[in-house]
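With these hints in hand, go ahead and build the complete structure from the sequences.
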Amino acid sequence: MVWVNGQQLYGHRYVIERKLGQGGFGITYLAKDRKGNPLVIKTLKDEVMTSPDFIDFRDKYERDFEREATRLAVCRHPHIVQIENVFHEQSLPCIAMEYIQGEDLWRRVRNRHPLSEAEALGYIQQIGEALTVVHDKGLLHRDLKPQNIMVRSGVSEAVLIDFGIAREFIPNLTQTHSVHVTPGFAPLEQYDEQAHRGEYTDVYGLAATLYCLLTTKVPPPAFMRVVRDSLQPPQALNSNVSDRVNQGILAGMELQPEKRPQSVSEWLQVLIPQNPGDDLSSECGIDYRRLRDLLAAGEWKAADKETSDKMLAVIGKENWWNVEREDIEKFPCTDLRTIDRLWVKYSNGRFGFSVQKRIWQSVGGQPGVFDLMIDIYIKFGDTVGWRVNNSWLNLENFTFSPHAPQGHLPVECSEVA
1 MVWVNGQQLY GHRYVIERKL GQGGFGITYL AKDRKGNPLV IKTLKDEVMT
51 SPDFIDFRDK YERDFEREAT RLAVCRHPHI VQIENVFHEQ SLPCIAMEYI
101 QGEDLWRRVR NRHPLSEAEA LGYIQQIGEA LTVVHDKGLL HRDLKPQNIM
151 VRSGVSEAVL IDFGIAREFI PNLTQTHSVH VTPGFAPLEQ YDEQAHRGEY
201 TDVYGLAATL YCLLTTKVPP PAFMRVVRDS LQPPQALNSN VSDRVNQGIL
251 AGMELQPEKR PQSVSEWLQV LIPQNPGDDL SSECGIDYRR LRDLLAAGEW
301 KAADKETSDK MLAVIGKENW WNVEREDIEK FPCTDLRTID RLWVKYSNGR
351 FGFSVQKRIW QSVGGQPGVF DLMIDIYIKF GDTVGWRVNN SWLNLENFTF
401 SPHAPQGHLP VECSEVA
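First residue of the sequence shown? That's 1 in our numbering, and the numbers climb one at a time after it.
No lab work stands behind these hints, which were simulated from the structure alone.
Note that this is a predicted model, so its numbers are computed, not measured.
Keep in mind that a hint or two might mislead.
Unchecked claim - Simulated pairs of lysine-lysine, DSS-like, Cα-Cα distance not exceeding 27 Å:
(1) Lys317 to Lys301
(2) Lys45 to Lys60
(3) Lys35 to Lys60
(4) Lys45 to Lys32
(5) Lys345 to Lys357
(6) Lys357 to Lys259
(7) Lys259 to Lys305
(8) Lys305 to Lys317
(9) Lys317 to Lys330
(10) Lys301 to Lys345
(11) Lys259 to Lys145
(12) Lys145 to Lys60
(13) Lys259 to Lys301
(14) Lys145 to Lys19
(15) Lys330 to Lys345
(16) Lys379 to Lys35
(17) Lys19 to Lys35
(18) Lys19 to Lys60
(19) Lys305 to Lys379
(20) Lys357 to Lys35
(21) Lys379 to Lys32
(22) Lys259 to Lys137
(23) Lys32 to Lys19
(24) Lys345 to Lys305
(25) Lys379 to Lys301
(26) Lys357 to Lys330
(27) Lys259 to Lys217
(28) Lys217 to Lys145
(29) Lys145 to Lys345
(30) Lys305 to Lys330
(31) Lys345 to Lys137
Claimed, not checked - Derived DEER-like restraints, expressed as beta-carbon distance ranges:
(32) Lys137 to Asp59: 21 to 31 Å
(33) His180 to Arg228: 23 to 33 Å
(34) Asn322 to Gly21: 47 to 57 Å
Glycine is no exception: its CB is placed at the ideal position from the N, C-alpha and C atoms.
What follows is the structure, encoded as structure tokens:
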């Protein structure tokens, strides 16, 4: 049974819009909740639960499905798809999760040309940070590939999806893992149920993904490379790939696990040059070091207050009630860029004036124009989470965490953008 448009689930809490896709055992739908918010509902295909062909594996599939929900619940990160609910519908297990409007990296590469090195590295670094959280929870993703990385529409923000075959691991211990591989992206050890696995297992998949993004080619399967090492260096397929990135990809795709960087963070250090110190330039002699330190520490509420205080210091006013439009129009561009860069960097592209500007324009707004645009301002408030249930939030009710809606912060002084 395939759910159809308008079908209601879980006591009328969700309404099916359309089918998004299906795999060997699962099927996903676009749905809406009672507030009209879009989300994805994933469930097992009906034949898995009813066909005699699956009777010996049915319990395992249900357990794996429930484990996927648990893994998503414990791996909270801006670059990991977020779970909303778990329920049963007519004996079918269901996961309701965040709907990511955008396209996966496979489609982006296939529909265009190779990504620029800078764009590809930006996505890989974001997913690498997400994987660090996954590994800290004692899990391996095991299915890293461009198809499992979504990019949100309108922003350069990548999100890791599909934890269906993620598994627990204990470093340096032989454990039995089912063999599930995507040829070209799975390392050699994933072809062996009894092989040692570790963070380096996902390093291979992430390196292979970067290879594909920069060349549009799927790397040869690992088992074929054992017979004949047919992996062409990415630089041979795309002359724009730098020496550092070329060597970093090859290091991450070493066939022998012990020859690879042993963690994602170690591999990223090989791949991406360490950023020089933050540019804290100011036309007014303002010291932005405390703001940088608060953002680096994830102290979002204190950083929001510090942003407000520093901007008032630039303007020369004691509070925002006394700030005039002329003050905003004369705000130094150097200082505005410094503040924005810090917010964007330390939120991994989630917060900042430039993020808010993109969202403002996406709902029909014009940069710097706010008069007579009440409807657009309401849409903007709904999008960034400044309005809930048709009411504007008070400052104390804002969400000062990395899981807040995109563009939610900074808030005390955002009209300047």
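Outcome of the hint check:
1. The straight-line distance between the Cα atoms of Lys317 and Lys301 is roughly 21 Å, inside the 27 Å bound, and the hint therefore holds.
2. For the proposed pair Lys45 and Lys60, the alpha carbon gap of about 14 Å is at most 27 Å, so the pair holds.
3. Under the criterion of a C-alpha separation no larger than 27 Å, the hint pairing Lys35 with Lys60 is inconsistent with the structure, at around 35 Å.
4. With a CA separation close to 20 Å, the supplied pair Lys45 and Lys32 stays within the 27 Å bound.
5. Proximity of Lys345 to Lys357 is assessed by CA-CA distance (about 16 Å); at most 27 Å being required, the pair is judged to hold.
6. At roughly 45 Å between alpha-carbon atoms, Lys357 and Lys259 are farther apart than 27 Å, so this suggested pair is violated.
7. The hinted pair formed by Lys259 and Lys305 fails the criterion: a straight-line CA distance of about 47 Å is larger than 27 Å.
8. Restraint check for Lys305 and Lys317: satisfied, since their Cα atoms lie roughly 15 Å apart, inside the 27 Å limit.
9. Distance check on the hinted pair: Lys317 and Lys330 sit about 13 Å apart at the alpha-carbon level, within 27 Å; holds.
10. Proposed proximity of Lys301 and Lys345 is supported: the alpha carbons are some 17 Å apart, at most 27 Å.
11. Restraint check for Lys259 and Lys145: the C-alpha separation of about 21 Å stays at or below 27 Å, so the hint holds.
12. Of the supplied pair hints, the one linking Lys145 and Lys60 holds, its CA atoms being roughly 24 Å apart against a limit of 27 Å.
13. At roughly 43 Å between alpha-carbon atoms, Lys259 and Lys301 are farther apart than 27 Å, so this suggested pair is violated.
14. Pair hint Lys145 plus Lys19 holds up; C-alpha atoms about 22 Å apart against a cutoff of 27 Å.
15. Proposed proximity of Lys330 and Lys345 is supported: the alpha carbons are some 25 Å apart, at most 27 Å.
16. A threshold of 27 Å between alpha carbons decides the hint, and for Lys379 with Lys35 the separation of about 15 Å falls inside it, so the pair holds.
17. About 20 Å separates the Cα atoms of Lys19 and Lys35, which keeps this hinted pair within 27 Å; it holds.
18. The suggested pairing of Lys19 with Lys60 holds, with an alpha-carbon distance near 25 Å, which does not exceed 27 Å.
19. About 25 Å separates the Cα atoms of Lys305 and Lys379, which keeps this hinted pair within 27 Å; it holds.
20. Distance hint between Lys357 and Lys35 is fulfilled; the C-alpha atoms sit about 25 Å from each other, no more than 27 Å.
21. Between Lys379 and Lys32 the alpha-carbon distance is near 18 Å, which keeps this suggested pair within the 27 Å criterion.
22. Proposed proximity of Lys259 and Lys137 is supported: the alpha carbons are some 24 Å apart, at most 27 Å.
23. The hinted pair formed by Lys32 and Lys19 meets the criterion: a straight-line CA distance of about 13 Å does not exceed 27 Å.
24. Distance hint between Lys345 and Lys305 is fulfilled; the C-alpha atoms sit about 18 Å from each other, no more than 27 Å.
25. Straight-line distance between C-alpha atoms of Lys379 and Lys301 comes to about 24 Å, which keeps the hinted pair within the 27 Å bound.
26. With a C-alpha separation of about 18 Å, the suggested pair Lys357 and Lys330 falls inside the 27 Å cut-off, and the hint holds.
27. Annotation: proposed proximity of Lys259 to Lys217 holds, straight-line Cα distance about 24 Å (limit 27 Å).
28. Restraint check: the Cα-Cα separation between Lys217 and Lys145 comes to about 12 Å, which is no more than 27 Å; the hinted pair holds.
29. Only pairs whose Cα atoms come within 27 Å are accepted, and Lys145 paired with Lys345 is accepted, the gap being roughly 25 Å.
30. For the hint linking Lys305 to Lys330, the alpha-carbon distance of about 21 Å falls within 27 Å, and the restraint holds.
31. Distance hint between Lys345 and Lys137 is fulfilled; the C-alpha atoms sit about 24 Å from each other, no more than 27 Å.
32. For Lys137 paired with Asp59, a C-beta distance near 25 Å keeps the hint of 21 to 31 Å intact.
33. Between His180 and Arg228, the C-beta spacing of about 25 Å keeps the proposed range 23 to 33 Å intact.
34. Restraint check, Asn322 to Gly21: a C-beta distance of roughly 54 Å satisfies the suggested window 47 to 57 Å.
Of the numbered hints given earlier, the model fails hints 3, 6, 7 and 13; all others are met.
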